[in-house]
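Engineer: From just these sequences and the hints, can you work out the full model?
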Amino acid sequence: MQTDVVMPQMGESIFEGTITKWLKKPGEKVQRDEPLFEISTDKVDAEIPAPASGVLQEIKVSEGNTVQVNTVVGVIGDGSGASTSAPAKAAAAVPAAPASAKQEAAVPQAAPAASAPEDEEECDVRSSPLVRKLAREHNVDLAKVSGTGTGGRVTKQDILDFVERRTAAPVAASAPRQASAPAPAVVPGDLVPMSQMRKIIAQRMIESRRTSAHVHCMFEVDMTRIVNLRNKLKNGFEQRYGARLTFMPFFVRAAIIALQQYPIVNSSLEGDSVRYHKHVNAGIAVALDWGLIVPVLKNADELNFLGLQRGITDLGDRARTKKLMPADVEGSTFTITNPGQFGAVFGLPIINQPNVAIMGVGGITKQPMVITDKDGADSIAIRSVVHLTLGYDHRIIDGAVADQFVALVKKTLENWSEEVG
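Letter by letter, the sequence shown follows residues 1 to 421 of this note's numbering.
It is possible that part of the hints are untrue.
[Claimed, not checked] Restraint-style ranges between C-beta atoms, simulated for each label pair:
(1) Asp161 / Pro263: 19 to 25 Å
(2) Asn299 / Gly27: 44 to 50 Å
(3) Ser379 / Cys217: 25 to 31 Å
(4) Gly27 / Trp290: 25 to 31 Å
(5) Gln341 / Gly236: 31 to 37 Å
(6) Ser195 / Gly376: 33 to 39 Å
(7) Gln367 / Glu137: 48 to 54 Å
(8) Gly242 / Ile201: 30 to 36 Å
(9) Gln341 / Arg225: 18 to 24 Å
(10) Asp161 / Ala213: 42 to 48 Å
(11) Glu302 / Gln31: 24 to 30 Å
(12) Pro263 / Ser53: 26 to 32 Å
(13) Gly331 / Ala213: 52 to 58 Å
[Unchecked claim] Mimicking DSBU-like on lysine-lysine, the simulated pairs with C-alpha atoms at most 35 Å apart in a straight line are:
(14) Lys374 / Lys199
(15) Lys374 / Lys234
(16) Lys410 / Lys234
(17) Lys298 / Lys234
(18) Lys156 / Lys29
(19) Lys322 / Lys234
(20) Lys29 / Lys323
(21) Lys199 / Lys25
Rather than coming from a laboratory, the hints here were simulated on the basis of the structure.
Remember, it's a predicted structure, so these values are computed and weren't measured experimentally.
Glycine is no exception: its CB is placed at the ideal position from the N, C-alpha and C atoms.
Structural biologist: See below:
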């Protein structure tokens, strides 16, 4: 019995994917639903589970190759057959599933360069076109590189490691021996191709800048009330609900209240018309080691505070473990990003299309502030302060509306009165 492993369709608008990593080697046992390989699409990076239990008998598409959905990328057998890693030529010969008329119109007919068949007469060393291109750029003789990929294939990392060793060798010969430290993955001077996710981020940021008339406003917010409340409740909150109490649901809830008051900020442009969205689908930017992704908390306006915290935590956890599905990153109507977690006082974020606004949350720091009491007397006190920045599309949002929106967010946070939990 054999089971084909295919490139999954991770959403209606996704027609191809890039295999970034195989988590099993040919000959290794796999269990059904166990992570088998990782892929990158124009929506998400994800781990793909094994469709059956058995032994990974064959890898047909190696790491770094891009193929259409439904292409067979590997084979799981019962262990009785030979376990091999087929050359990329074999992978390229596997036909993709027939595309619908809609897909044919949307996808170029030319195959992606990374999934082109290898010309093994050109190079006796087993490697992908991407690896050979990288070798040429670094003037590396592939015959001198030890391949660590399946079947002895030379991988991109093999090239980078070779270049790193070659660069470091003259230094090591002349310098006194020191305690070893982990070597950086890339050394200065290297030319390293961008990852699929990095390419997508670059494309979308440029498109957003070209699409929206970006303007930013910034407000200073006294968070002392919320900081004290969180410090008081966080231990009991986690014990009771099994979830950490963070600051993000406070910001999301305050934004929802303001979005309901100023619905133009929760809209999007469709040609010459404005679409006012019925619900708030809050995009929550998550920084990953390999890029940035914006999972979406759907119908956030219908959730209570606990629901917001649980939803935010769930999306963040699944983003970091590559468990998100395309539906998890689609349909946002407003986005919140938090550069303050890394110490930034504030940022000027780029709008996440097709949204018309994005709110940036700076770091919460203690600062001296002038406090006016009910009798009008002023005094200076140490307060916990955050800077909120709203990036908005000036094509449909005027400055007065943007300022009023953030002023309401500020008022809600400074006078927090809702139940937590």
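Engineer: If a hint holds in the structure, say so; if it doesn't, say that too.
Structural biologist: Results of checking the hints against the structure:
For the pair aspartate 161 and proline 263, the beta carbons lie near 54 Å from each other, so the given range of 19 to 25 Å is not met. Our hint of 44 to 50 Å for asparagine 299 and glycine 27 holds, since their Cβ atoms are close to 47 Å apart. In this structure the hint that serine 379 and cysteine 217 lie 25 to 31 Å apart at CB holds, the actual value being about 28 Å. Our hint of 25 to 31 Å for glycine 27 and tryptophan 290 holds, since their Cβ atoms are close to 28 Å apart.
For glutamine 341 paired with glycine 236, a C-beta distance near 24 Å fails the hint of 31 to 37 Å. Checked against the hint of 33 to 39 Å, the C-beta distance between serine 195 and glycine 376 comes to roughly 58 Å, which is inconsistent with it. Taken as a hint, the range 48 to 54 Å holds for the pair glutamine 367 and glutamate 137, whose Cβ atoms sit roughly 49 Å apart. Take glycine 242 and isoleucine 201: their Cβ atoms lie about 33 Å apart, and the range 30 to 36 Å holds.
For glutamine 341 and arginine 225, the hinted distance range of 18 to 24 Å is satisfied, since their beta carbons lie about 21 Å from each other. At roughly 46 Å, the beta-carbon separation of aspartate 161 and alanine 213 lies within the given 42 to 48 Å, and the hint holds. Distance hint for glutamate 302 and glutamine 31: a CB-CB separation of about 38 Å, inconsistent with the stated range 24 to 30 Å. About 51 Å separates the C-beta atoms of proline 263 and serine 53, a value inconsistent with the hinted range of 26 to 32 Å.
Checking the proposed 52 to 58 Å range against glycine 331 and alanine 213 shows it is violated: the Cβ atoms sit about 23 Å from each other. Our distance criterion of 35 Å between C-alpha atoms is broken by lysine 374 and lysine 199, whose separation comes to about 55 Å. Note on lysine 374 and lysine 234: the hinted pairing holds, with a Cα-Cα distance of about 31 Å set against a maximum of 35 Å. Pair hint lysine 410 plus lysine 234 holds up; C-alpha atoms about 22 Å apart against a cutoff of 35 Å.
Restraint check: the Cα-Cα separation between lysine 298 and lysine 234 comes to about 25 Å, which is no more than 35 Å; the hinted pair holds. For the suggested pair lysine 156 and lysine 29, the alpha carbons sit about 26 Å apart, so the restraint of at most 35 Å is met. Annotation: proposed proximity of lysine 322 to lysine 234 holds, straight-line Cα distance about 28 Å (limit 35 Å). Restraint check: the Cα-Cα separation between lysine 29 and lysine 323 comes to about 22 Å, which is no more than 35 Å; the hinted pair holds.
For the given pair, lysine 199 sits about 28 Å from lysine 25 by alpha-carbon distance, which is consistent with the 35 Å threshold.
When held up to the earlier numbered hints, the structure conflicts with 1, 5, 6, 11, 12, 13, 14 and fits the remainder.
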